[in-house]
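Enquirer: Take these sequences, add in the hints, and give me the full structure.
Line by line, the protein sequences give chains W and R. All the letters of the first sequence, read from the start, carry residue numbers 1 to 151 under our numbering. All the letters of the second sequence, read from the start, carry residue numbers 1 to 203 under our numbering.
The set of hints was computed from the structure by calculation and includes no laboratory data. Check before you lean on any hint, since a few could be wrong.
Calculated pairs, DSSO-like style, for lysine-lysine (alpha carbon to alpha carbon, straight line, at most 30 Å) [to be verified]: (1) W/K123 / R/K106; (2) R/K160 / R/K140; (3) R/K27 / R/K72; (4) R/K41 / R/K72; (5) R/K41 / W/K123; (6) R/K106 / R/K140; (7) R/K160 / R/K106; (8) W/K123 / R/K72.
Stretch by stretch, here's where chain R covers chain W in the computed footprint (C-beta under 8 Å, at least three residues) [stated by the list, open to error]: (9) 75-88; (10) 129-136.
The structure displayed is predicted, hence computed values, not measured ones. All C-beta atoms, glycine included, are put in the ideal place defined by N, C-alpha and C.
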Amino acid sequence: MTPASRLPRRLRAAWLALALATAGPALAEIGQIKSLKGQVTVERQGRALPAEVGMLLEVADTLRTGADGAVGVTMRDNSLLSAGPNSILSLQRFEFDATTSQGRFDTQLQRGTLAVVSGRIAKQSPEAMTVRTPSAQLAVRGTDFVVAAGE
Amino acid sequence: MNERWRGLAALLLAAVVAALLGACAAKPQGSVVLLPDAQGKDTAVRVQQEGGEVVLDQPYAAAQLTSRGPVKATSSAAQVQAQFGDALAARPLPAQQFTLYFVEGKDEFTDESRRAFDSVFAEIARRPVPDLLVIGHTDKVGNDAFNDALSRQRAEVVRKALVERGIAAGSIVVVGRGKREPIVPTADGVAEPRNRRVEILVR
Chain W
1 MTPASRLPRR LRAAWLALAL ATAGPALAEI GQIKSLKGQV TVERQGRALP AEVGMLLEVA
61 DTLRTGADGA VGVTMRDNSL LSAGPNSILS LQRFEFDATT SQGRFDTQLQ RGTLAVVSGR
121 IAKQSPEAMT VRTPSAQLAV RGTDFVVAAG E
Chain R
1 MNERWRGLAA LLLAAVVAAL LGACAAKPQG SVVLLPDAQG KDTAVRVQQE GGEVVLDQPY
61 AAAQLTSRGP VKATSSAAQV QAQFGDALAA RPLPAQQFTL YFVEGKDEFT DESRRAFDSV
121 FAEIARRPVP DLLVIGHTDK VGNDAFNDAL SRQRAEVVRK ALVERGIAAG SIVVVGRGKR
181 EPIVPTADGV AEPRNRRVEI LVR
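Expert: What follows is the structure, given as structure tokens:
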């Protein structure tokens, strides 16, 4: 159940207005969905949104792909993430200074398959990018690798 | 003890043995494979688990994640394709950067850059949802205020030219960095054509 659906109807409208007002276009976006196949949803603040090509992503978003699903994302630091079917990928932390390339990027692959090309954050500061699985942590020095979680 | 009870006890015993064996064997929990870097640069991933850590630093070096820690292995292009083909097929095109040069003190392209500008559109056309970052720069002639404005103006010229040729204005972000990020480091006040530029990042 989403937080909004627990509220009475009149409050729900207020909740929506607040959610829209706080979703600033400028700094909230950390990446964009560039490719999509099959069923993919984005979980944001307790709600499951249908994913679309071009959709902007925010910190703490979780991508879920169905049995026929796959999704490709370009992050603001030019990192490329793409997940195969039956995957759950959370964008837990993303901080990026576009001028200095300093930042932090932490993702979690709870399940499924993930292909990664690291971007400017990992290039500037090796190991400033990490990928976690339920049982492991990967510190990324660069650049191109794949991860499977939960076999 | 009758026949039925004996059968049940045997089943129970089998279940207990299986559970014990399962606990002893290292349970598979996933895998990591390092791929060849497209630019052939050095690349590595450090894989940590409770039971230990391995560093993958060769193409197709792999780690099996297990309940007892990572186990080093070697994978191959075929194995990666079989397991990760769908994820790799969904990978977006890498970001592509273009640099356009400007006439000194002005917001006009050099003739060469006017031609280079065309290749940007070919790159944009390859992408389903292109987004563009346009960054203006100057050389070190003039003060910060002048160069901040000029760099921004140069980026705006590029933005306008992109929009005029059909690129959605909403997909373009424009930034002016003034003289802070020269490609060729020079002393202040030095005219350097290679620093008078606009970078277009197509993603």
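Enquirer: State for each hint whether it applies.
Expert: Hints, one by one, checked against the model:
no.: 1; hint: W/K123 / R/K106; in the structure: 34 Å, violated
no.: 2; hint: R/K160 / R/K140; in the structure: 25 Å, holds
no.: 3; hint: R/K27 / R/K72; in the structure: 15 Å, holds
no.: 4; hint: R/K41 / R/K72; in the structure: 22 Å, holds
no.: 5; hint: R/K41 / W/K123; in the structure: 11 Å, holds
no.: 6; hint: R/K106 / R/K140; in the structure: 14 Å, holds
no.: 7; hint: R/K160 / R/K106; in the structure: 16 Å, holds
no.: 8; hint: W/K123 / R/K72; in the structure: 25 Å, holds
no.: 9; hint: 75-88; in the structure: holds (count 7)
no.: 10; hint: 129-136; in the structure: holds (count 4)
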